[in-house]
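Student: Turn these sequences into a full structure, and let the hints steer you where they fit.
Going down the list, the sequences are from chains F and D.
For what it's worth, the working numbering labels the leading residue of the first sequence as 1, then goes sequentially.
For what it's worth, the working numbering labels the leading residue of the second sequence as 578, then goes sequentially.
Hints are computed from structural coordinates only; laboratory data are not their basis.
Don't take each hint at face value.
[As the list claims (entries may be wrong)] Pairs of lysine to aspartate or glutamate residues, derived as EDC-like cross-links and limited to a Cα-Cα distance of at most 16 angstroms, are as follows:
#	chain 1	residue 1	chain 2	residue 2
1	D	Lys-680	F	Asp-231
2	D	Lys-680	F	Glu-233
3	D	Lys-680	F	Asp-226
4	D	Lys-680	D	Asp-690
Note that the structure is a prediction, hence the values are computed from the model and not measured.
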Amino acid sequence: MTGQILPIADGRRTRAWLGAELWQRKGSSAVTLAAGLLAAGASIIPAYALGLLVDRIRAGSEPGAILGVAVTIVAAAVAGGVATGVAGHLISRLGSRILADLREQTVATALRLPALVLDRAGRGDLLSRVSADIAAIGRAVSEFLPGMISALLLTTLSLIAMAGLDWRLGLAGALSVPLYVIGLRWYLPRAAPSYAAERVAIADRSQLFVEGMQGLATVHAYRLEDRHRADIETASARARDISMSVFGLYTRFVGRINRAELIGLGAVLVTGFLLVRSGQVTVGEVSAAALLFHRLFNPMAMLMATFDRAQDAGASLARLVGVLGMPVEQRDGAEPPPGRELALDDVSFAYGDGPPVLDGVSLRVAPGERVALVGSTGAGKTTAASLAAGILRPDRGRATVGGVAVTDLPASTVAIVSQETHVFAGPLADDLRLARPAATDDEVTAALARVGALTWARDLPAGLGTVVGDGGHALTAAQAQQLALARVVLLDPPVVVLDEATAEAGSAGARDLEQAAAAALEGRTALVVAHRLTQAAAADRVIVMEHGTIVESGPHADLVAAGGRYADLWAAWSARS
Amino acid sequence: MSRTTKPGAAVLRRAVARNGRRLWAGTVLAGVYQLCAALVPVLIGVIVDRAVDTGDVGALLLWIGVLAATYLVLTVTYRFGARNLQRAIAREGHLLRVEVAAKILHPRGLRTDRRPGDLLTVSTTDAEYTSYVLDHIPRVTSALVAAAVSAITLLVISWPLGLIVLIATPIVLAVLNLTAPLIARRVADQQEQAGRATSLATDLVTGLRPLRGIGAQDAAAERYRAVSRLSLAATLRSSRTQNAYQGASTMLSTLLAGGIAIVAGWFALTGRITIGQFITVIGSAQFLIEPFGTLAIVPSWYATARASADRVAGVIGSGLVLPDGTAEPDEPACELRLTGVEHGPLSGLDLHVRPGEFVGVVAHRAADADALVRLLAVPDAYEGTILLSGVPLETVERDRARRLLHVEPHQADLFTGTLGSNIDLRADGGDHLPRALRAAAADQLAGLDTPVTERGTNLSGGQRQRVALARALLARPPLLVLHHPTSAVDAVTEQVIAGGIRALRHDDQARFGTVVITSSPALLAAADRVVVIADGAVTAEGSHAGLSATDEAYRRAVLR
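Tutor: Below, the structure written as structure tokens:
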């Protein structure tokens, strides 16, 4: 299932995407950058002014000399405060807006990926991209990226300011930069695998917790308490040990950061000492340089400590940009079909390079007719249904409604309900409105009533407003399938394909579901893949498939009388109940 | 003291006590580290004053050497201090997690009204937050050390300056902290909205096939867009608040440090302090902001740890549902007898399962079946008697009770592993394994080494049900209770299973008893006897064929 993974953008494409996003918003990008520079600049001024003050003190100036410095500092503090707030907000606003567009495009793309692509890649990868990756970038944008950008601007401007005092002071301070980089290059490759191992260990631990707690009745029934507790203890101890060893690594990284600070600070002071001795800079300028450099310690440490998280966010970004570049299914035909007849004309289909699953299948369902498709597992029924619904495209031949290829018609022309049900999380009525967002309350109620679901839906704790699905009120498999049928009623498509839509409910709910399905199909052209032959018996016509071809076709009674393949199936079915 | 304190305080005290050595070693080292960090700006002032200003090479070498030595101590104390503390925190978190897990998994059942999701939070997040109390103690200590050093330095240099710093800094921090609740609220709102967007994306992609089936991708994308925009708005609101705070905090702390520098500069200009002292004052005043900030925020951290500790203590201190049973009824052939049982919707239920009997139960109300199953698994809070081989069920030693009377939960919980590890739980199935698989119609599923993902989500409902059934059959309990075991299985397979159970558990030698609560005609036909429960009590009894022929309500309930 998961042989292939979804694409991941390379560094160049990710950067190009980010560049394009910023360019699209060039006005606000420029304003943001200006505000950031202003904030960093304003925070440098007080150190400068204090350096000036040192020189005035040494020169034995009048006490009144304080005035100019004082005004400068206060003005810089006020301007710096305002600029810091504004810049911080602008940076996170820019980032959040880009992120919002990114996540919406990613989800929109994910929802329109062709069925084949998704089946091959498996849903797990896509799910982790639309949830974990988007959340990771979201946290980056709201928690540490703005701080990192500010720290970067401050560092750059501070080094420039130090160089402005004297280029050799700037150079002395810049000496620490390669040391920081060396520290990072020492730390990152060692930490990354440990952090990955830690995440795995923590995931294992929480999985054991979740399974143990949600399966508590089973744990008790099989007396697995001790074993489960021991497993949790082992997993928890492993996570603990890994986090201890990762942290040991981190403290050594901090040691390297401290070393960079010491060497940079020492270099600034010694350089200053030499320059003051040769009369090239003043004591005040050296003081200013040392103060500027000392102020960088915290932002630099923050930059270092969050660097790996930024890298992770970059990796998540590459995975999202990878999805954005994928081809999506285009079903943008706007014209409804001229007729309601469903037809497959000499259709063949194979999955990838595999053997043909369908070989020259032709069938026709007249407007309003209900045709059942039966046959053993692997006969190609589901593939035929998917082709009829436009979810797969035939390799050869055509699937049409009213003579127009299904894939050129609006997606709402043919609805398909398979045995895979899903109750969308949220109020029950909202689940149904996915089929028709503008549906009124009366229409929603009527759709539920049509499939016989209104009684139980009204009995839910908050009626149609009850939150159902993941984290909400749990519905049975049969109820979930009734909802799927109610969605079809609300959508009101001319053609409906049911692919064993009543199977998953199991034996207990099958009868009710069959009635619901019959109600939902009323008046529509319908192709029903039937695994319970009672459905076939109730259809206008039955088509029997074997090994990718049609072997029999006709009304139930005729086929039973003919004594062929269908008659055998029917005899087996009738014998057991 | 012990009577009035909340249980959480005891958990916190125990955390401190059982990590004493590491905690105090770490705290002392962290204090020394802070001391060194506070010394750095002081040393900058000294070097400028004694060396840069004088041009004295000896002084330069001496004081740079002192700076280097300070850094050495700083690095070493950080490394070992932080490691000690982190080890203590990791260890305490682990101990709490395991303790909470053991309590939740207790065979006699935890008496709690918390939902599984809540319990999960307690055992993970709350255990972790509780252990953070070991982080708060050294932080407070070292903040106090740093504040004291800076304050003393300032007071020694100039007492009026020192006083200004010591009074003004807490005031500024207190003012800034007034906004903390608002920020917390906005951030919580932001996180909640982001969480909603994430769950919606997950939900929509999970339901992609049904969505595609009705061409609802556009509607789904639009729905996600709406939630995403709400999340964006919440993020921007939160960003405005946080950055307004950030701006104000930058402004006030710069004004504070600048104001102190200006006063110090004035003192220096008027000759009250030297240049070196002036620079030291600037550095120390700047440095002081951090420890004061820590001291200001610690109460809210502690409140979080305390709240988590209260929840942890709540679980650890919860009572157990079942008594500590000691009875040991007969082993090989078990008999179950319920007489006049009242529990929830059950009112006066009588049910007798003889050794070796296969009994089908049809419940007209699902609630009756649920109550019966719940009661047999956890015999608590009921009237009447439930006797297992003549002994009240709740008094039987738990392990033995569950081995003799196995109640298979309807929801078919599977665990991460393989099909084999889920069915043959103790890897001792031997020859019985293929027979159990066949009886549960699970022999046609994929191979036993097929992986099973978390909670069996990679299997369909019908597959999960058959795996769970094979597991229950392989356990070979003397008495087996199954609750709608084939509700997600098709009719053909159902027939196979009915025959399989009959052959495996009720052939001539075996004296196993089986109770199947079901509405499946195939299973009911295979049973020796069918009992019908309506309105909480038994209303009819007989063979499937007999009841089908005479009882119209029964026919409606089981007809396919």
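Student: Determine for every hint whether it applies to the structure shown.
Tutor: Cross-check of the supplied hints:
no.: 1; hint: D:Lys-680 / F:Asp-231; result: holds, 15 angstroms
no.: 2; hint: D:Lys-680 / F:Glu-233; result: holds, 13 angstroms
no.: 3; hint: D:Lys-680 / F:Asp-226; result: holds, 11 angstroms
no.: 4; hint: D:Lys-680 / D:Asp-690; result: holds, 14 angstroms
When held up to the earlier numbered hints, the structure conflicts with none and fits them all.
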